[in-house]
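What follows is the residue order along each chain.
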Amino acid sequence: MNYNILYNSKLIRIILPLLTCLTGLIAQTDNLIESISGEMEHFNKVATATKQNEHYQPYIISVFQGNELEKLGISNLKEALLLVPGVDMATDNSNIQTPIFRGSNPLAYGQSKLFIDGISVNNLFLEAYSEYLSFPIEMIKRIEVVRGPGSKIDGFNAYAGSINVITYAEDFKGFESDDKLVFKYGSYDYKMGGFFKTYKTDDLKIFVDFFYQEDDKKLPSGPDGLSQGALSLLPVFDNRALSQTGDAPLWLKEYSLGTNVEYKDFSLKARMLEHTQGSAYGINLALPQESDRVKLPSYYLDLGYAKKIGDYEVNINAGIKYDAFDSYSKLAPDGLNFGVIFQDGIYGEHFAAQQTLYQSSYLKYSAIDKHLITAGYRLIKEETIDMTSKLSNRATGDVELVDYTDTLPFFDKDAKRNTFIFSLQDEYQFRDNISFIYGFNYEQTSYKDSGFEPRVSMVYQRDAENIFKTMYSRSHRNASWQEMFTMNNRARVGSTDLNPEIVDAFEVAYIKKFSADTYLQTNIFYLLNKDQIYNSSVNPEYRNAVDTDIYGFELEYKGNISSVDELYLNYSYVDGKSYTQDEDRSESIPNVAHHLAKGYYLYNLNSDLSLSTVVKYVGAKDRVFGDTREKVKAYSTVDSSLYYKDSKYNYCATLSIKNIFNTNVTYPSPPNTYIQDYAQEGRTFLVTLKKEF
Amino acid sequence: MLKAQASIFPKILLLDRKIDDKLIDGKIVYTIVYDKSDYSTARHVGEFIDASNKGHFDKYMYKINLVEFSDLSSSTHASVIYALNSDRDIKKVADFAREKGIIAFSYDVKNLKAGLLFSLVLEKSTVLYMNKENLYIQKIDFVDSLLRIVKFIDKDNS
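As given, the protein sequences belong to chains E and V, one line each in that order.
First residue of the first sequence: 1, per this note's numbering; consecutive thereafter.
First residue of the second sequence: 1, per this note's numbering; consecutive thereafter.
Derived from the structure by calculation, the hints contain no laboratory data.
A few of these clues could be false.
[As the list claims (entries may be wrong)] For lysine-lysine, the following DSSO-like pairs were computed, each having C-alpha atoms within a straight-line distance of at most 27 Å:
(1) E/K512 - V/K91
(2) E/K307 - E/K205
(3) V/K36 - E/K648
(4) E/K648 - V/K54
(5) E/K141 - V/K151
(6) V/K3 - E/K173
(7) E/K691 - V/K59
(8) E/K690 - V/K3
(9) E/K51 - V/K91
(10) E/K45 - E/K512
(11) E/K51 - V/K124
(12) V/K63 - E/K648
(13) V/K92 - E/K200
(14) E/K370 - V/K54
(15) V/K59 - E/K173
(16) E/K416 - E/K295
(17) E/K370 - V/K151
(18) E/K364 - V/K124
(19) V/K11 - E/K45
(20) V/K36 - E/K645
Please take these sequences and the hints and turn them into a complete structure.
This is how it looks when you write it as structure tokens:
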């Protein structure tokens, strides 16, 4: 017995350490596997949030990284968007520029939505975001561009496309960005300086970015709209002889201060953008003075709470936004005759400030196997909070401004709209390689409702190299403030009876992944646009008058020719028919380039130095019905950049020459305005210096 | 993707039961092979591994060894090899790994068909791919639990 005990204790003394060792090994292995799985889960989250798995998402998306665009000499958001397949640019007489997605209604501004760090920044007055197109690329970490309404999520309606600009405020563990200081100098005495900085502790993160930029750009323009009868009342008052040709003031003065604060589950996002630009081609189509200006300020403040508890994830946000249209300009030349003679011309000050309040709550629920259900609402209250309308004396012709805010307002000072949006969506992982997303938005407003808008999409991954997507979605664009509330204007008459523009989008995509960094993305689309909002010089009242069917395809390739270069190419084709209901006529879609081709080639001369070329082709554009001018001519531009990075001291320098061959680039003008269209800049240069800390 | 690979690959090599046989001077030599133009990328990967691991993979000391594809030879020191992109040198890396009996990680999943062992890919989610054909190399012996989280790939189908 004692022997047995002794034997057993010896056995235990031998086996126990072995067992302990073995148990330790198993525990160590389990820890490693758990650690690997945990990291893969973390990288999943980062990849999904940063759209690195873009090809597996249920929409047509192109993603551009800010630091890659910097190497190409891209200077701002507008230049970056001009690289996107199917995206062209349009402008108007106030130089309010707007990206045109797949040829969708170039006359309207709010066809696409711009988000800065998840906050929608389209202004309420025009539904445009022209003031953000000059946003410096050095402040942008990533641009995600979704063509089509497919990105519709959490109550936002993207009609023709959406642009998500992610600043360096975005921060993931292991993927932190360096702080940055940047200076730029270029043609038209362009000067820019800016920085961003992040401060972090365990629970608190504070990010701040700031930039200032200005230029003195002016471009030869004219004859102005007076030559075509603008500011005349023929045959009674003929002011055509007062038409001018000269430099259109297209200068820019702008600064922006942004901050993102995160504390535990709470967040604060705020930005103040003060944007002032020259009055361009004149709000009444008379060439303005050099100092005349339009201010388009944009402020936002968003408070958020995000919490994951078990299978539930809640996101609650509330915020306030402010935008304004603030113009001070000479509206008509000396000697204008409108019954009263304005010896010193007509001056005008037009100011309309808008406020938007919103609150949203969304809940994600993941307890049902293979399903992720998201439901929630968004409440929006929009209103004009201030309005001023001043003009030179209409009765006497005296140049001094008279306040017509109450007697002859240019805008409805009581403009307001309330909106309620409910959305429900289910992401269903049917099999490992097949997933569906389906759901709907339901929207009610205090004017005309868009109602129920469904969405269905499927992503099928046949294998690691072949991905197929198919999507159907319905979306809408509510009438902009300008389309609803403009008053006492001979060229534009607002109407509150406007229905939302509706689009039904059918899209099919195929992606071939040749390697980790090489792919070909193709898609075909068919867009049925109904009740598009339209006005003309014959009938200036905005009305739902146009139905447009648009179809086309897009090809996008990214890869390499050798191991030391990068090649990016895209081509898009779009065609369709517009039917104007009250005039009972059809025409090929006007002001739209049927062919767009863009691309770049970047060659790394060594690990610090690269040379790149960006090429863009924009096809010819048909004129609108009744416009007898020749088509807007096709053009090609070539840009080139030399980029140097000093790895030791962590600074970069870029020298860019844009539009090397000084090609004539023009954006179409409406009929009876600037007959020579709106000329854009020719050859320019840009020098950038950047230091990272 | 590079950061994800640089973070996860060192943990995978610790799941090889025969890792002790591959130590060189008592250290794991983590060799990164790169094309000349990718030198800064290779350096950044090495710096990221150093910043994350502070000189040790678990109980093992390690050393980062940067080697150009053209300089890779049988005399190159490596306990494990990680290949960045190359147009033509991947077969050379696969032969090197097979000869030495070491784990070969690849930046690009397409290189597994050339004989490398692991790659990490961002599809809809993060997927760890393993070349089935090289699974039974005698000098590598992975714990079974690793095999449960990988997706297999072979020369004929992806």
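We went through each hint and held it up to the structure:
no. : hint            : result
1   : E/K512 - V/K91  : holds (24 Å)
2   : E/K307 - E/K205 : holds (17 Å)
3   : V/K36 - E/K648  : holds (18 Å)
4   : E/K648 - V/K54  : holds (22 Å)
5   : E/K141 - V/K151 : violated (32 Å)
6   : V/K3 - E/K173   : holds (11 Å)
7   : E/K691 - V/K59  : violated (38 Å)
8   : E/K690 - V/K3   : holds (24 Å)
9   : E/K51 - V/K91   : violated (32 Å)
10  : E/K45 - E/K512  : holds (24 Å)
11  : E/K51 - V/K124  : holds (10 Å)
12  : V/K63 - E/K648  : holds (22 Å)
13  : V/K92 - E/K200  : violated (45 Å)
14  : E/K370 - V/K54  : violated (39 Å)
15  : V/K59 - E/K173  : holds (24 Å)
16  : E/K416 - E/K295 : holds (22 Å)
17  : E/K370 - V/K151 : holds (19 Å)
18  : E/K364 - V/K124 : holds (19 Å)
19  : V/K11 - E/K45   : holds (20 Å)
20  : V/K36 - E/K645  : holds (16 Å)
Consistency with the previously given hints fails for numbers 5, 7, 9, 13 and 14, ordered from lowest to highest.
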